[in-house]
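S.K.: If you want the building blocks of each chain, they are given just below.
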Amino acid sequence: ETGVTQSPTHLIKTRGQQVTLRCSSQSGHNTVSWYQQALGQGPQFIFQYYREEENGRGNFPPRFSGLQFPNYSSELNVNALELDDSALYLCASSPGTGSYTFGSGTRLTVV
Amino acid sequence: DQQVKQNSPSLSVQEGRISILNCDYTNSMFDYFLWYKKYPAEGPTFLISISSIKDKNEDGRFTVFLNKSAKHLSLHIVPSQPGDSAVYFCAASRFNNAGNMLTFGGGTRLMVKP
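Which chain is which? The protein sequence lines are A and B, in order.
Under this note's numbering, the first residue of the first sequence is numbered 560, with each subsequent residue one higher.
Under this note's numbering, the first residue of the second sequence is numbered 9, with each subsequent residue one higher.
So that you can see chain A by itself, here it is in the shape it has in the complex (with noise of 0.2 angstroms):
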């Protein structure tokens, strides 16, 4: 069973709409990262955020947004949706040792 739960599972959004995914982390993971894994492809870096605060960002618009809370939850907001924006979104979170643990993602779809 894994540590990091997202919601929802499935989510069909319209172009020009706004979104907002959700993550909760394992207790103790002070790191959270978001990706964007597009069909066929392998997973996108967005940004990722330590201790609330962002500490590093992916060649995504400000479009895409970020909040990390303390209480290991945090949330990606996009604004203006695109078509292109129809993409498998994971969240994964770490303790800073190296490596992560996932979600099981969002799968978004913009008509």
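Worth flagging that the hints you see were computed from the coordinates, not collected in a lab.
Heads up, some of the hints might be wrong.
[As the list claims (entries may be wrong)] To give an idea of the chain B side of the interface with chain A (calculated C-beta under 8 angstroms), a few residues:
no., residue
1, PRO52
2, PHE70
3, PHE73
4, ASP92
5, LEU110
6, THR111
7, GLY114
Virtual Cβ for every residue (Gly too), placed ideally from N, Cα, C.
Following the hints, position chain B against chain A.
M.R.: Below, chain B without anything else, positioned relative to chain A:
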């Protein structure tokens, strides 16, 4: 600019034989490498890792080899089992004090035939 590449999108192996999955990287600053396995409808599951100070790490049926001069790593699974059938991702990172960010390859789908 793909910094981590898995050039074989798929691999088919007979049960009991060895599976060898390959990965190449371009960024010489990477100092930590990981392999993840992913089943459909699940998130990636950590398998095994290796630090750049080593050239081999073994865990049961899984062994990862790192050739820094060639910027190449491989995952060996022996003996392969049908339950190993999944997509395998190679990932690399450069560790810093705030943690490491993973750069993934595109994955290799392994099929182990009974």
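S.K.: Evaluate each hint against the coordinates.
M.R.: Quick rundown of the hints versus the structure:
1. PRO52: Hint on B:PRO52: holds, closest Cβ of chain A at ~5 angstroms, below 8 angstroms.
2. PHE70: Violated - the Cβ of B:PHE70 stays beyond 8 angstroms from chain A, reaching only about 14 angstroms at its closest.
3. PHE73: violated, 18 angstroms
4. ASP92: violated, 18 angstroms
5. LEU110: holds, 6 angstroms
6. THR111: With a minimum Cβ separation of about 7 angstroms from chain A (threshold 8 angstroms), the hint on B:THR111 holds.
7. GLY114: holds, 5 angstroms
Going through the hint list in order, the structure does not satisfy hints 2, 3 and 4.
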